[in-house]
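*Asks:* Residue-level listing of the chains:
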Amino acid sequence: MNPANYLYLAALLFTVGAAGVLLRRNAIVVFMCVELMLNATNLAFVTFARMHGNYDGQVIAFFTMVVAAAEVVVGLSIIIAIFRSRRTASVDDANLMKW
Amino acid sequence: MSGNFPWLTVLAAVPFAGALLVAAVPAGKRALAKNVALLVTLVELALAIAVTVKFSPNGDRFQLTENHTWIKQFGVHWALGVDGIGVVLILLTAVLMPVLVLASWNDADAPQVRMDGTVGDTAAPRSTHAFFALMLAVEAMVVVSFAATDIFVFYVFFEAMLIPMYFLIGGFGGAQRSYAAVKFLLYNLLGGLVMLAAVVALYVATADADLGGAGQGTFDLMRITQAVGTGELNLNPTAEKAMFLGFMFAFAVKAPLWPFHTWLPDTMTEATPGIAVLVTAMVDKVGTFAMLRYCLALFPNASKTFAPLVVTLAIIGIIYGALLAVGQTDIKRLIAYTSISHFGFIIVGIFALTSQGQSGATLYMVNHGFSTAALLLVAGFLISRRGSKTIADFGGVQKVAPLLAGTFLVAGLATLSLPGLAPFVSEFLVLVGTFSRYQAAGIVATFGIILAALYVLVLYQRTMTGPVKAGVEKIRDLNVRELVVVAPLIALLLVLGVYPKPVLDVVNPAVDDTLSQVEKTDPAPSHPIEQVAAVTPLGGNK
Amino acid sequence: MSMSADGVAGGVVLAEQLTRTSTGEAVQFWILAAVALLGALGTVFMKKAVHSALCLASTMVCLALFYMAQGAVFLGIVQIVVYTGAVMMLFLFVLMLVGVSSVDSLKETLRGQRVAAVAVGLGFGILLVAGIANASLGSFAGYSGGTSPSGAPAPSGTEGELIAQNRNVEGLAHIIFTRYIWAFEITSALLITAALGAMVLAHRERLTPRKTQRELSEARVRENINLAPLPAPGVYARHNAVDIPALLPDGSISELSVNQTLRARGQVRDVSREPVHRVAELEESGEVWMEQRGDVPTARHEGEEGGEPTEGGAPDGEPDGAADQDPDEAGTPHGDSVAAGAGSKESRS
Amino acid sequence: MTQTLVSAASGALLATGEGGPGLHSVPATGVFDATWLVIALPLLGAAVLLLGGRRTNRFGHWLGTLLAVGSFFVGLALFSAMLDASDADRSVNQHLWDWVSVGSFQAEVGLHLDQLSMVFVLLITGVGSLIHIYSIGYMEHDENRRRFFAYLNLFLASMLLLVLANNYLLLYVGWEGVGLASYLLIGFWQHKPSAATAAKKAFLMNRVGDLGLAVAIFLMFTTFGTFSFDQVLSGNAQASGGTFTGIDLMLLLAACGKSAQFPLQAWLGDAMEGPTPVSALIHAATMVTAGVYLITRSAELFNASPDAQLVVTIVGAITVLFGAIVGCAKDDIKKALAASTMSQIGYMILAAGLGPIGYAFAIMHLVTHGFFKAGLFLGAGSVMHGMNDEVDMRRYGGLRKYMPITFVTFGLGYLAIIGFPLLSGYFSKDKIIEAAFAKGGTSGYVLGSVTLVAAGLTAYYMTRVMLMTFFGRERWKEAPVGAPADWHEPHPHESPKSMTLPMIVLAFGSVFAGGLFVLHDSFVNWLTPVTGFSEGDSPFSEYAVTGMAVAMVALGALVAYVQYARREVPAVAPQGSFITVAARKDLYQDAVNEGLVMRPGQYLTRMLVWLDLRGIDGFVGGLAAFIGGTSSRVRKVQTGFARSYALSMFGGTALVVAATLMARMA
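Residue numbers (our numbering), protein chains in the order written: chain V, 1 to 99; chain H, 100 to 641; chain P, 642 to 990; chain X, 991 to 1656.
Derived from the structure by calculation, the hints contain no laboratory data.
None of the values given here were measured: they were computed from a predicted structure.
Treat each hint with caution, since some may be false.
Stated by the list, open to error - Taking beta-carbon pairs under 10 Å as the criterion, some of the chain V residues facing chain P (in silico):
#, residue
1, Asn42
2, Ser77
3, Met97
Claimed, not checked - Only pairs whose alpha carbons sit at most 25 Å apart, straight line, appear in this in silico PhoX-like list of lysine-lysine:
#, chain 1, residue 1, chain 2, residue 2
4, H, Lys498, H, Lys573
5, X, Lys1467, X, Lys1575
6, X, Lys1626, V, Lys98
7, H, Lys498, X, Lys1626
8, H, Lys600, H, Lys619
9, H, Lys600, H, Lys153
10, X, Lys1626, P, Lys748
11, X, Lys1626, H, Lys488
12, V, Lys98, P, Lys748
13, X, Lys1182, H, Lys573
14, X, Lys1487, H, Lys568
Don't be surprised by glycine CBs; every beta carbon is placed ideally from N, CA and C.
With the hints as extra help, turn the sequences into a complete structure.
*Replies:* Here is the structure:
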């Protein structure tokens, strides 16, 4: 099969993740969808690495993972902080920053 | 080119320095601040008289010129120079300033009138120093605007004037003063910005025509007018029309031309009498002066095409202002609308493009300055005595304060341009000038004099005649200070009414020069009479 | 089932392009792609957050396998060990904190959000796919000497050899510590900051000073909570197992003695009524025997007639600490003090 | 000072003697140099009294009178110098100083003295002085008498400036100056609201007239390039007929405004609010005749357009009848005399409209009218003085016994005005009636008959005034209905000497002036060089006309006698026919003015005030509100939900991707 299919898969995963971010109200699930999008991009990077026959793609994917990890840590602690003060983990409840 | 003494820069610097001096006076000493301010204005008056004496009427157009480079990149020069019209208006400013300082002697000491009309505590009256310093600053900027022969310098001071005026109106007026001040500022700023676009466009046009040398444009008025004359700078018609409209819009807002006038009544109602006169007698004159000096000289063709439109608007302004004045219940607002009517006359005089019209308009600017100053200041004394501005609260003041009523009547008669007083001469010249160019407009404008009589006499009758109304009986007559304020104004109104020749001799050459710039000559009489009579009626200069 | 890293079905390695992957990889791809996609959809549409998390974990594992299939062995391992193993577990940990059982209703609250999201999602998806479809991808270089469709020169030097020899980890290390050293340092700084940030965010300052043991006891005395030590589970009980509740004198179960979690799990055993009655009979027989001997009845009888404040005589035998209760409370009818007592006890659990 | 001011160039022009129409003047030399003194004296008086303030109270009135009389003597000196000057040298021009000179617009302050203005100078200063003397007595107990005399002097100065100006612009200055003086004098008792309103009404109506004069000057300037008498009236001004008619109509409008003629006559009745000497001087003898002077002075222009002259005669005719009818119904003695003034000036305007035939007779009637009307007003003033300011004739009756001198002087004035043979009114009015017939053609007959009818009406209402005031029952004895409690019966007495002396002098004037003027046509010859004179062929002989006139007068007097002498004069005005009711309301002139001008003006003003507040200001405010409104609505897009922001971000990315694809596709 044509290795480019990985790219299509990555695209689909990315879109599903994006849609998830828009649809779900639970902060953690939204967060997971973001992780899903990140993973989709990693897949694309690895495929590109293979396409070009060098490891640059993989290095980028590696760095993406590092950043993702950092992001998850901070994201979850924010969710915890919000939950602790508001007793809710719904994204819609934190809507004070408005007109 | 006079000697090297920079007369005009000194003329502008004195009030500016005076303003700083007044501001520097230690906080407690109010009286000292006032006296310093008065002294500065008197020095300025002396200087202005000296300038007028040095100005020789039939010398060349711009005299006492100075030229120092200011901003090299744009080719902006601190170029000052004064022609017939400029010197007369500078003299007007210099004469009016001491009168205004005297008139608003303790206007700034009165406690603040809050928004809801209640009076603030007397313990914290407003700062007198700021009041007089700002007035002197306005005077300095007005003088520079009259004396500038560099469009950039003119534009800078034309706009800078708004700032002190904003604080004067906003800080020391009546209950709704902040609304009026903001409205004044926004209106004039809008006008200024439109003009800025036109100034830039003009600069670019001069750059294309390489007037400033080495691909640079120039702001020098004389250079540009000469280039326009010789066709060196021929702007394409649409650009010229656009630039004309840009300049004209700013000046139409400043000198309230009919549709852009709504800021004046609010400003003059809310500001203290002295500041209201400062607005209408001096600051607004820069607008009409600029129409004459810049609009006509720089864009002759566009002026010719737009002249009928402007004349129509001005005529509407005359009738509109007069009718609205009749319908007012507030004295100062009534006087404001009379000013709009008078400005209508001035603008119609300018754009009738006849020598009578323009000389009349210039003389009108001077006379209007004196007559409105007299009317407004006396009205101010009346209002400060009774404490209320509405006409209905007055009645029978003539019995209680005959001197005040007398000066009010004379000022009123000057406003309705009674022959024998100064405004009649200028109004008649404007009307003749307009009639000889546009008959219909002339006749409609003449109706303005009937409406003028109506609003002045209605005002006089409602406030002064009839039985003494309650609350009016305690009004005391004019005190010495107020007499010293009103006396010179009335004297000037009489003298200029009987013998306006010196002013006209100074103004005529400048007007003829402007008209030749616009290539417009007076329409010749249709059936001239050969001089049959042996006696040539006039000695004097022809 | 991990495909060998080099993915070459054999034969001499020529500098040809990788146009078709091996059939094994193809099979693996189609199966795992489906799984991954289902996992992704599951993450989005599962009601319970924990189920979403698990679906995501499965997707991630599939991806890991794809990496390995594509020659990125190191990444595959890291994906499983670090990403899925640590990060996903972090999610579950947080889920546990936030409330595992919380079920989100999928009913949309924002007006028009769902329709718009789906529409934009679909639009975007189609756009991406279309973009990829007509992107001139050309043939893949693959790691067996193919030339990159973008015309970029094949990696040379040690890097080239490492790639050629499929020594993935060394290759990556070589590249990271030569070309991407700067990025590496920055990401390390980033990680430290992230850790610090998390600590700062999650840490909560004590708003009130830490109560010393003395203050705690005074508070307990003030609030009259379990002043006397609680009865050991076995006082009247027949058994001392953890999951058997202690009995109060009047035979009811003492809530305090039951562990929260066990109760939550419903694993608390029942106590039969029979021994309780036996005890009651013993007490009464004792009183009959005393009266027969003409002794002075015990203080307990007088308590029943009068509601004397000191006696209290609460049926449940709770030691009445009414002595220092403020006067207005003492005057309240019995039911109140019991409820208050019970109430306060209750809250302590 | 006079010497230096005289313009350098001179050279007498050899007038072409009698017939030469148009005005040719020689520079003022000798006595004529003092022409400007005539104006300067009263002007000085006004200035001193106004600026002097209270200090001049004691001698204020004497100073005023002295200056007026002084000006009269200067006038006499000028008159005697003019008498012995030859015909050509009688028209003198004195240049004082250049006033306004802009391009071709040359206006100088210069005086022009010729036969016509000489007559006026004498009339103004003469009657003016008499009235000054009269006012000393009349205003005895008024606290600001000084201000009164200041205004009287101001009036004299501006009236003299009007008649002596040598160009229309200076005439305009005098014209408005007189308007101002009348405003100040009518509204002298300012505490009375009615006086203030009357003064304002007078000034506004005059201003409407001044509009006409201003437009006339514009027309002259645009047509002839000049407006000085020397050029415009020099006889060789050619222009299209239409222009001349235009100028003439505008001049007529000015005359109507000032002389209270038909369209602008509403103010004269109310002007009676002012003190009686004012009514005598301004609203009888001098100011109201300014219109006639203007038309006579501009004879050249009027002769050039016959249809303008026709309009003048029509206006004159209408006003004659209008004034007469109103005069018959007025109970207020001053309002009756005012109406009669309006009618008599109608005569003069009519005569002036007849062209060269009538100019001289118009001025003659003007002078005689000045005498007897001033006399009548002063008589009325002394009657009011005696009856503590009661003006209603129905409260008079039988006063002849109590005020003999007033009765005699008033009687002589009465006989003169109705045209009793051999008195001055008889001569001047008959000449006008004759001239009216002499105009010829149907208009001649119409005008002639109108003047005859008016003569009859004049006789009727003057006899009515005479009878009601001096004859019949003494109605002032019983209290009027609704009189205040402290009403006490007035006890009429004769006025003091200072008041009766001028009345006697004026009585003499009204008796002998006519005869003097007619004596071998001295007056007509005097004026002919200025106005020109032509006989005109009247269908009736001179005596026939005189006969008819006397008959009409006798008829009018008889009817009045029957109605007011025979029957008892009711103390309260009866209802009367609809004509009398209309006449009492000045033929509804005020209603017409208010309906046509005042009310629409007020609506327009109110509408414009609303427009300005809501319209223009509304627009500006609306703009600001619009911006405020849109910003508050757009603000709502920021909902605060993270997911809606995510949606917009995602939408944005989708658009970007689509755009790049599109770009790549294209």
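*Asks:* Indicate, hint by hint, whether the structure satisfies it.
*Replies:* Against the structure, the hints come out as follows:
1. Asn42: Given a least distance of 7 Å, the restraint on V:Asn42 holds.
2. Ser77: Given a least distance of 4 Å, the restraint on V:Ser77 holds.
3. Met97: violated, 15 Å
4. H:Lys498 x H:Lys573: holds, 11 Å
5. X:Lys1467 x X:Lys1575: Violated: X:Lys1467 and X:Lys1575 sit about 28 Å apart, past 25 Å.
6. X:Lys1626 x V:Lys98: holds, 8 Å
7. H:Lys498 x X:Lys1626: violated, 64 Å
8. H:Lys600 x H:Lys619: Satisfied, since the Cα-Cα distance of roughly 24 Å is no more than 25 Å.
9. H:Lys600 x H:Lys153: holds, 18 Å
10. X:Lys1626 x P:Lys748: Within the cut-off at roughly 24 Å; holds.
11. X:Lys1626 x H:Lys488: violated, 45 Å
12. V:Lys98 x P:Lys748: With a Cα-Cα distance of about 23 Å, the restraint between V:Lys98 and P:Lys748 holds, given a limit of 25 Å.
13. X:Lys1182 x H:Lys573: holds, 20 Å
14. X:Lys1487 x H:Lys568: Roughly 40 Å separates the two Cα atoms, so the pair is violated.
Hint violations for this structure: numbers 3, 5, 7, 11 and 14, all remaining hints satisfied.
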